[in-house]
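Visitor: Please construct the entire structure, taking both the sequences and the accompanying hints into account.
If you want the building blocks of each chain, they are given just below.
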Amino acid sequence: MSAAPQKAKAGAEKIAVTVSAVVPLNDLVTRFEFTRTDGADFPPFSAGAHTVVEMRDGDRTRLNPYSLMSDPADRSIYAISVRRDDQGRGGSLFMHTNVKVGDQMTLTYPVNLFPLDLRAKKHVFFAGGIGITPFKAMIAQLEQSNGNWELHYACRTPALGTYADELAEKYANKVHIYYDDQSQAIPLEDLLDGQPLGTHIYVCGPAGMIDWVHATATAHGWPSENVHSEEFLAPQPGKPFEVRLCQSDITIQVGEHESLLEAMERCGVDAPFLCRGGACGQCETDVVEADGEFVHRDHWLDDEDHASGKKIMPCVSRFIGKTLVLDR
Amino acid sequence: MTIQFNNETFRDDYSFRNSDWAIKRFPFPFHEDSYMYSVNMEQHRGGPEGSVYEKRFDVDEHYLSEMRDRALVLADDPLRCQSLPHMTLAGWDTLELIMVSKSEDYPDLFELHRDGNRWRWVNKPMGIDQTFTFLDETTLPCGPLEYITRQTQGDFAVLDQRDEMLWMDAGMVTTQADWSLDFDIGMNFFEWHAPVPLAHEMGIFKRALKFLLNVQQGAPARRLNWTMTVNPLLDTSPENYHKWGIQKTTLTPENIGAKQHLRVELQTFFRLPRSNALLFPIRCYLIAFQDIVTVPKWGRRLHRVVRDLPEELATYKGFIANRPMMLDYLGQYDDGLPTSPGVWPDLGTEPPLQK
Ligand code: HEM
Ligand code: FES
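Residue numbers (my numbering), protein chains in the order written: chain Z, 2 to 329; chain P, 1085 to 1439.
Only true hints are included.
Simulated pairs of lysine to aspartate or glutamate, DMTMM-like, Cα-Cα distance not exceeding 25 angstroms: (1) P:1294 <-> Z:285; (2) P:1290 <-> Z:306; (3) Z:123 <-> P:1221; (4) P:1290 <-> Z:285; (5) P:1294 <-> Z:328; (6) P:1294 <-> Z:287; (7) P:1290 <-> Z:328; (8) Z:15 <-> P:1188; (9) P:1139 <-> Z:39; (10) P:1294 <-> Z:226; (11) Z:122 <-> P:1268; (12) Z:122 <-> P:1220; (13) Z:122 <-> P:1248; (14) P:1294 <-> Z:305; (15) Z:312 <-> P:1285; (16) Z:122 <-> P:1221; (17) P:1139 <-> Z:14; (18) Z:312 <-> P:1248; (19) P:1290 <-> Z:305; (20) P:1139 <-> Z:42; (21) Z:123 <-> Z:170; (22) Z:15 <-> P:1126; (23) Z:123 <-> P:1247; (24) P:1294 <-> Z:118; (25) P:1294 <-> Z:271; (26) Z:312 <-> P:1247.
The set of hints was computed from the structure by calculation and includes no laboratory data.
As the structure is a prediction and not an experimental result, all values here were calculated from the model.
Guide: Set out below in structure tokens:
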């Protein structure tokens, strides 16, 4: 059927917003709050969702995903907290140095790749550093529905413990903070053993922490459906390479500091995407021909797909070699 | 326009009828002269004015009668509406989506007044004026999903999304094409689709699931499905097969034009914002063969589709035994002329029947 064909746009639906507050929280992390430019309420969202922030940086458009950390019940604002990454590709630096109250920006509708499992009898959260952000929204949502939760939050130092004091004060019985500089560590094994049946655990933080929680939970007999994680992959820099896009009939160059997806967009190709972090599957692209080596970094394709050389996720993955031809 | 609601039945004396308006806007499902399963999804962002695709939840002349039929089915069998405990929030999402959509799309029929969580819902055609507290179940006469779907045409499956999979964990199902919510509740996407022939082998369900997992808030999608029903029955459920199955044997060359109906489902997909569940409304439209053939293009095309449909599909859809009689009837309306592409009736441009 095609009753009334409409061409799908890449990415999620967009919302025009105005920056309503910029709140530095510590040396590295700043919170940005947005209201809708048209004055309407934001769409409701489910805790764990992220939005993709569109930044106009000169003639370059940066698109970075951030977890929504405001209270899902408050439809007047959306808020994100951004950790400055001086070594990164510049999106977080742009937010920290250029974005001011009153600026007009564009956000996408919320997309949730890290939802609460609403069947859970209890939710146990493990956060590392800036990984606290989705849990802020989850806690707000569960507080409203009388959900059973607890948080274990590892931070480098008290000075860098984003929202640590606030959370510990508000929910003294449910929040446990661990400071690296005081050699405190999450007692993961004990925590995993002591949970009631029907508990779900959630982890958000650095890759090493996520792997540690998954591996330990598996070793302690936890079913994988009860262990949830979210890690946004930032595209990693790499050697420049050339790609032929056969549907678009152009050959493009991917620079050292841009992703394949960004290079396609720069050259005017309307390629699909949602998360831009290797998790949602939306950007999956067929390989027509390849002579070289893939650098797969996504969480979407399975090992078999990776080995086949027939698919690539352009938002995070790269290529080293002579020829790459994609069906795009 | 204001809608004139019919007073009609989908059982016993079968007084259901489509007006000329309803015939012309019927969602004819065949865009070409043949049919096979495909991953036929597209965006659900409106459609031509007056068409069934225009609004998020189409309301038509059958509204009140369909709601009466639903109430009768539920009185007999309360298990047609179920919601596992973790799906209550998705029920509120559904209620919110429908109330907001209907009050915006049909302001003369429905009103929603919101003051924080204090809501007042006015459904003028059904004579309902309800004040309640959003997210507080004790302030409604029944659960939120049941409440709103007793006032909305079409069946509803509410799918929880977990582990890269959809689970049928809630629904309101009284107008179904021979499947059962009570049987499918708790099943996943591949399990409840197990009886469908050919589509698994064609990789359709694998691709469809990937698509559905990625349906985003603010970007709903839709597709059409179809089957055949003898007599304008909404409730063709397995539970009641003993009542309607035998009616298939009552077709005669004399009554087939009036009794045999094409049954089309407009299926839509909405990401629910608070629960992250997926709402799957299945809206059923019925049309008698004698009404379809008043549109020359549709008469020609339906004959060709029914004639060439693979046997597996005709068997699964339950009309293999009646196919020869259908073809005798429809053949009278196929003069062999070519048909224009697309689903629309094209009454102004397609030639009248040449025999
Ligand atoms: C989550 C949304 C969906 C739900 C709840 C759903 C549910 C069902 C159910 C209950 C049946 C009847 C199976 C039986 O015989 O017991 C069915 C049939 C079928 N479904 Fe789905 N479905 C969904 C989405 C889709 C999508 C996206 C496709 C895309 C191709 C699809 C394709 C089909 C087909 C081809 C049939 C056979 C229909 C016929 O020939 O009459 N379904 N579906
Ligand atoms: S955009 Fe989500 S995986 Fe590439």
